[in-house]
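Student: With the sequences and hints as input, model every part of the structure.
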Amino acid sequence: MMMAGRYFMSRGRARAVRAFAVLCFLIAGAGVATLPTMLVGPQWQAFMIDCDDGCRAKPQPLDQLSPEVRHVIANLPKASERMTTAMAEPYWWWRLLGIQMLDALPFTLLFFSVGMALWRFSNRQEHRDWSGMRWLQRATAAGIAMAIAEPLAQVLRDAVFLGAMTDVGAFSYSVEFTLIIERLLLACAAWAATWALAAGLRARGDLAEIV
Amino acid sequence: MPVTVHLDMMLVRRKVKSNELARAIGITESNLSLLKSGKVKGVRFSTLAAICRYLDCEPGDILGYEPSDDDLTTEDGA
Numbered sequence: 001m002m003m004a005g006r007y008f009m010s011r012g013r014a015r016a017v018r019a020f021a022v023l024c025f026l027i028a029g030a031g032v033a034t035l036p037t038m039l040v041g042p043q044w045q046a047f048m049i050d051c052d053d054g055c056r057a058k059p060q061p062l063d064q065l066s067p068e069v070r071h072v073i074a075n076l077p078k079a080s081e082r083m084t085t086a087m088a089e090p091y092w093w094w095r096l097l098g099i100q101m102l103d104a105l106p107f108t109l110l111f112f113s114v115g116m117a118l119w120r121f122s123n124r125q126e127h128r129d130w131s132g133m134r135w136l137q138r139a140t141a142a143g144i145a146m147a148i149a150e151p152l153a154q155v156l157r158d159a160v161f162l163g164a165m166t167d168v169g170a171f172s173y174s175v176e177f178t179l180i181i182e183r184l185l186l187a188c189a190a191w192a193a194t195w196a197l198a199a200g201l202r203a204r205g206d207l208a209e210i211v
Numbered sequence: 001m002p003v004t005v006h007l008d009m010m011l012v013r014r015k016v017k018s019n020e021l022a023r024a025i026g027i028t029e030s031n032l033s034l035l036k037s038g039k040v041k042g043v044r045f046s047t048l049a050a051i052c053r054y055l056d057c058e059p060g061d062i063l064g065y066e067p068s069d070d071d072l073t074t075e076d077g078a
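First to last, the protein sequences are chains A and B. Those letters in the first sequence? Residues 1 to 211, by my numbering. Those letters in the second sequence? Residues 1 to 78, by my numbering.
Some hints here could point you the wrong way.
[Stated by the list, open to error] Okay, derived cross-link-like pairs now, SDA-like style, lysine to any residue, Cα gap no bigger than 20 Å in a straight line: (1) B:K39 to A:R95; (2) B:K41 to A:L109; (3) B:K39 to A:R204; (4) B:K41 to A:E209; (5) B:K39 to A:I210.
[Stated by the list, open to error] So the derived list for chain B, only partly shown, Cβ under 7 Å to chain A, looks like this: (6) I27; (7) V40; (8) T47; (9) P59.
Quick caveat, the hints were computed from the structure, so don't treat them as lab data. Glycine included, each C-beta is placed from N, C-alpha and C at the ideal position.
Tutor: Below you can see the structure in the form of C-alpha cells.
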C-alpha cells in the first residue's frame, strides 16, 4: 500500500545518489568525447607530459597498443617515419575511428545507464519510479557487450597498426581468454542479479493487488 | 476475469455494511471496495476466511466461476 508523503530515503542520501549519477554521466560523456577527437587529433588518444625541456604534452599513439605489438613497432627501423606516413593515410584513421567506437560505445552506454538508474532511484518518495531497474538491466547488457568489445577492439587496433607500419604478413598474437571469460562471467552474473531483482519487484507489485 | 465476486450480494443478504465488514476483518474500505468490484488479482485465504467467518458463509457463496478457454493457461504462461 502506498503512503503519500512518506520518504524512502533521507535528503542527504538522495543527494549522494544524484552526485554519483552525475559522476557517471560525466564518465559517459568523457567516453563519447573520445570519438570526435579521433577525427580532430587522433594521435592525442594517448599522450604523455614530457618535462625534459619545459613541460609539454606529447602524443603517444603507440601507448594504445598491447605491449607485445608496441615492442615490435618500437624496434622497427625508421619507426617514426613509418608512423608519420601511416598517419597521413585517411582510411587508416577511419578504421581506427570504427575500432574506437566499438571500444567506447559499450563503455559509454554502461555509465550512462548506471547514471540514469541512479537518477531514477534518487526519487525520495516511497511510491518511486522503478523504471531505474530497466536502466540497470541496460547497464548490465552493456557490461556484457563491453567484456567482448574491449579485447576485440584491442586486437583490431593492434592489427591496424601492424598492417600499416610493418611488412609482416602473419603475426602470432596471444589473447588472454581467461581474463575475457572472467569479465564476461562477472557481467553475466550482474545481468542475472539485476534480472532477478526486477522479477522480485514485479512480483511484489503483483502482491500489492492481492487483498 | 471469469472468477466473479458476489460479496455485494452476500452483504445485502446478511444486512452488513461494507465499512462494518472492513473494520471487522481488518482491511481498508478501499481494498474491500476493490474486492467487491472484482478489481483485484487475488484474495488471501486469511481474508477469505475472515469474511466467511463474519458473514457466516462458504467461499463458494462469495466467489463464482464462469468457464473460459483463456483459463487453460495461466497469465504468465507457466
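Student: Hints first: check each against the structure and report whether it holds.
Tutor: So, going through the hints one by one against the coordinates:
1. B:K39 to A:R95: Roughly 59 Å between the alpha carbons, so the hint for B:K39 and A:R95 is violated.
2. B:K41 to A:L109: Violated, at roughly 37 Å.
3. B:K39 to A:R204: holds, 17 Å
4. B:K41 to A:E209: Holds, at about 6 Å.
5. B:K39 to A:I210: holds, 10 Å
6. I27: holds, 6 Å
7. V40: Holds. Min distance 5 Å.
8. T47: holds, 6 Å
9. P59: violated, 14 Å
Hints 1, 2, 9 from the list above are not met by this structure, while the remaining hints are.
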